[in-house]
Amino acid sequence: MHWFNTVGALINLDHPGHFLHWHFIEVSVANAVVMIVMVATFVVALLAPFPGRRSRKENR
Amino acid sequence: MTKAFRPDVDAPEWKGGYAPYDILKEGTIALVVVALLTIALALIFSSPDEHAVTIKSWSNATPVDFAQTALSELNGTSGTAQYGAPYNTASEGQKLGPLALAKWAGARIPVNTVRDFVIDPLRALPDQPPLTQGLATWRSASDATRTNWVAHYTKAASQMTYANGQVVVSTTNAGPVPLFINDLTMMARSGALDQALVTQHGFYTTDYTKPLLFLSDGSYLKNLAQKDHLLGTQWGMMNETGSYPGQAWLWLYTFWYQVTPFSTSANADVQVWGLMMLLSVILLFVPFIPGLRSIPRKSRVYRLIWREHYRNL
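Just so you know, the sequences run in chain order A and B.
First residue of the first sequence? That's 1 in our numbering, and the numbers climb one at a time after it.
First residue of the second sequence? That's 61 in our numbering, and the numbers climb one at a time after it.
Rather than coming from a laboratory, the hints here were simulated on the basis of the structure.
Heads up, some of the hints might be wrong.
[Said to hold, decoys possible] List of simulated lysine to aspartate or glutamate pairs, DMTMM-like, C-alpha gap at most 25 Å:
(1) K282/B - E26/A
(2) K287/B - E26/A
(3) K282/B - D109/B
(4) K282/B - D14/A
(5) K358/B - E368/B
(6) K63/B - D82/B
(7) K116/B - D180/B
(8) K282/B - D329/B
(9) K215/B - D14/A
(10) K358/B - D70/B
(11) K116/B - D14/A
(12) K282/B - D125/B
(13) K358/B - E73/B
(14) K215/B - D125/B
(15) K287/B - E110/B
[Said to hold, decoys possible] Interface residues of chain B toward chain A, partial, derived using beta-carbon atoms under 7 Å:
(16) D109
(17) G302
(18) Y304
Backbone N, C-alpha and C fix where the C-beta goes; we use that ideal spot for every residue, glycine too.
Go ahead and model the full structure; you've got the sequences and the hints to work with.
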């Protein structure tokens, strides 16, 4: 199982976290990253063109 | 007579063309992508690896805190002893305005901290003649005598120390109480108390209510939680141990605990729960609430998503 443990430790997150403070708001950097990725995914989903649009245009 | 068209309620009849759409194909692709992402992220980041906090680890790390907590179980000043429902009737428990919800639910999981956390576990210890004698003395004493012993010990316990493997409290007229606290601390440090407190309902032992309540009455668990930003006052509900992301979707639930009146309320748990239930019901009934149900139409986000269609109109 040695190789598996090595792979699992590629990026070790088992150390004290970092936190962002703003007034009474306190959020971990890890959670902030997840939230930013979620918002970015939502914006991309709004703006990215639908797949197959080109082929539909060509068929017209 | 024709009814007027209601833009948020009625759907106009579609008179354009139709295109085939394979929802099974899309679902399968989503499933495969999420599964691959899960495997890749697990391989790269692994998962939190916190060791379980036990009464054994607590009493070995901070024996005085454990012994002080054991005393609070005996003299009835611990959080569990004074909590109320569902453990006892010591207080009304959580109230939502005039509604005493916890009291109405009753003490469904009865916990008598003197009996369940101190006396019964000590009884389980074999071959301890002084302890057996002490338990017999306790059993034959009146309630007033017991209260007097515990009061004497409690008075002296502020100077409690732990030295040479013993809990040291300089006291007199405390009956068998010093023996109880010392032996319970020894029992905890050996790991035997963890096992004695687990409730056996069947073959598998999965009911950790009592050891968890005992742990939460001390300050050791709270200090560990504070270090990892897991306390309610630290938005702890959405945090994870270490540097792992936690339950970010609980941001609204934990947000209420940070602001008044909830942050200063003794009934914050049930008040926040009530508020979240109310908000959930509002969300559920958005299609029926005038104004709220118009937001998707008036914000025109749909025109951004289907911009190609609207451009060609």
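Checklist entry - Are the Cα atoms of K282/B and D14/A separated by 25 Å or less? => result It holds: about 20 Å lies between the C-alpha atoms, which stays within 25 Å.
Checklist entry - Is K358/B close enough to E73/B, meaning Cα to Cα at most 25 Å? => result Holds: K358/B and E73/B sit about 20 Å apart, inside 25 Å.
Checklist entry - For the pair supplied as a hint, K116/B and D14/A, is the alpha-carbon distance within the 25 Å limit? => result Measuring from Cα to Cα gives roughly 23 Å; hence the hint holds.
Next on the checklist: For the restraint on D109/B, tell me whether the closest CB of chain A is nearer than 7 Å.
Outcome noted: holds (6 Å)
Item to check | Straight-line alpha-carbon gap K116/B to D180/B, limit 25 Å | outcome: This hinted pair holds, its Cα atoms lying about 18 Å apart.
Checklist entry - Is K215/B close enough to D14/A, meaning Cα to Cα at most 25 Å? => result violated (43 Å)
Checklist entry - Close enough to count: is the Cβ of Y304/B nearer than 7 Å to one in chain A? => result Because about 5 Å separates Y304/B from the closest Cβ in chain A, which is inside the 7 Å limit, the hint holds.
Next on the checklist: Hint check: K358/B vs D70/B, CA-CA at most 25 Å. Holds or violated?
Outcome noted: holds (16 Å)
Next on the checklist: Would the hint on G302/B be counted as holding, given a Cβ-Cβ threshold of 7 Å to chain A?
Outcome noted: It holds, given that the least Cβ distance between G302/B and chain A is near 5 Å, below 7 Å.
Checklist entry - Between K358/B and E368/B, is the straight-line Cα distance small enough, at 25 Å or below? => result holds (19 Å)
Checklist entry - Holds or violated: are the alpha carbons of K287/B and E110/B at most 25 Å from each other? => result Given that 25 Å is the threshold and the Cα spacing comes to 13 Å, the pair holds.
Checklist entry - When you check the alpha-carbon spacing of K215/B and D125/B, does it fall within 25 Å? => result OK: K215/B and D125/B at ~16 Å, within 25 Å.
The structure fails to meet hints 6 and 9 from the earlier list, while all remaining hints are met.
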